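Protein sequences, first through last, are from chains A and B.
Anchor point for the first sequence: position 95 equals 95 in our numbering, and the numbering is continuous, going up by one each time.
Anchor point for the second sequence: position 56 equals 1056 in our numbering, and the numbering is continuous, going up by one each time.
Source of the hints: derived by calculation from the structure; they are not laboratory data.
Mixed in with the good hints there might be a few duds.
Covered stretches of chain B, as calculated for chain A (at least 3 residues, CB under 8 angstroms) [to be verified]:
{"id": "1", "segment": "1086 to 1099"}
{"id": "2", "segment": "1105 to 1115"}
{"id": "3", "segment": "1142 to 1148"}
Heads up, simulated PhoX-like pairs for lysine-lysine below, C-alpha to C-alpha not over 20 angstroms straight-line [claimed, not checked]:
{"id": "4", "chain 1": "A", "residue 1": "LYS37", "chain 2": "B", "residue 2": "LYS1068"}
{"id": "5", "chain 1": "B", "residue 1": "LYS1037", "chain 2": "A", "residue 2": "LYS37"}
{"id": "6", "chain 1": "A", "residue 1": "LYS78", "chain 2": "B", "residue 2": "LYS1037"}
Because the structure is a prediction, the values reported are computed rather than measured.
Here a beta-carbon is modelled for each residue, glycine too, at the ideal position from N, C-alpha and C.
2 protein chains.
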Amino acid sequence: MEADAVASADLEMIVHGPHGRNKPETRLWLRMLSTTKLITTEIRRRLRSEFSATLPQFDLMAQLYREKDGLRLGELSKRTMVTNGNVTGLVERLETDGFVQRVTPDGDRRVTVAKLTPAGTDLFIAMAAAHEGWLRDIMADVDEAMISSLWLEIGAVKASASNHLSGSAFE
Amino acid sequence: MEADAVASADLEMIVHGPHGRNKPETRLWLRMLSTTKLITTEIRRRLRSEFSATLPQFDLMAQLYREKDGLRLGELSKRTMVTNGNVTGLVERLETDGFVQRVTPDGDRRVTVAKLTPAGTDLFIAMAAAHEGWLRDIMADVDEAMISSLWLEIGAVKASASNHLSGSAFE
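Build out the structure end to end from the sequences listed, making use of the hints.
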């Protein structure tokens, strides 16, 4: 975790250009990246200390919480950005702990889906509430109006990025 | 790469709270995260297609470019957020390609540092210039004033996050 924090702090200091100054877009990007890394590191630390949980576990449970009927492991893997092999390991671990179960839905015996158990649902609700509180804490010095305007402006960056992706849908 | 894009697009849709609505700070955080992932995915794609390079290679070369006298592998590992083992593999690969060399500085035969070769320096300068252009392209629809105000406002989020970290320096 400390290595993460050091690297995040450093990241903005990198001057990519040969001329010793970054262009405004690059400067903004390095700041977005270092801020995201700083907050991600903090969330990992709090998940670990308050719930003995990891970020991939939390993300996986968030996906299962959304899908009350459960998700196949391949689908879970796509949505959580962890590889198939890792999803299997994560699900097995959560199953051992009683938070996830694998079931065969009626009518299709070839399919297995993972879903939260009642204990898993309770745990996720507690984690999500804590997560919300951590973010309020992390952004405590930023006033409400700025949080709203940032949300809109980052939306503009996201829309611009979506409009200028180089790859086709088939890439 | 496609899995990344799907997951990024999805990420903002996750409702963490049990009550079906996210608080403003959570909403902002999910948007920051999904935007950062979208742009990171795009940069990975362009590095691969235009330079047959990976993001960890680019990050490692950026660190070496900053330190003309070279860096020890342990230091490189800290600054690039890849583990020691991976840094060794990355450096060996870049050495084979002629972009990095390992040298023993005068006066201390126990120490080995990695540094860019002249070819590595040329390559990094070309990559950094391209990277700058990609970001201009990605943010093409965002006007200059918004890029400046976003830089300031994300700076406020970063400062707030730094002020509210839970861990001590020794954690």
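Hint by hint, here is what the structure shows:
1. 1086 to 1099: violated (count 0)
2. 1105 to 1115: violated (count 0)
3. 1142 to 1148: That given contact holds, which follows from 5 residues of the segment 1142 to 1148 of chain B lying within Cβ reach (below 8 angstroms) of chain A.
4. LYS37(A) / LYS1068(B): violated (26 angstroms)
5. LYS1037(B) / LYS37(A): holds (11 angstroms)
6. LYS78(A) / LYS1037(B): Distance of about 14 angstroms is within 20 angstroms: holds.
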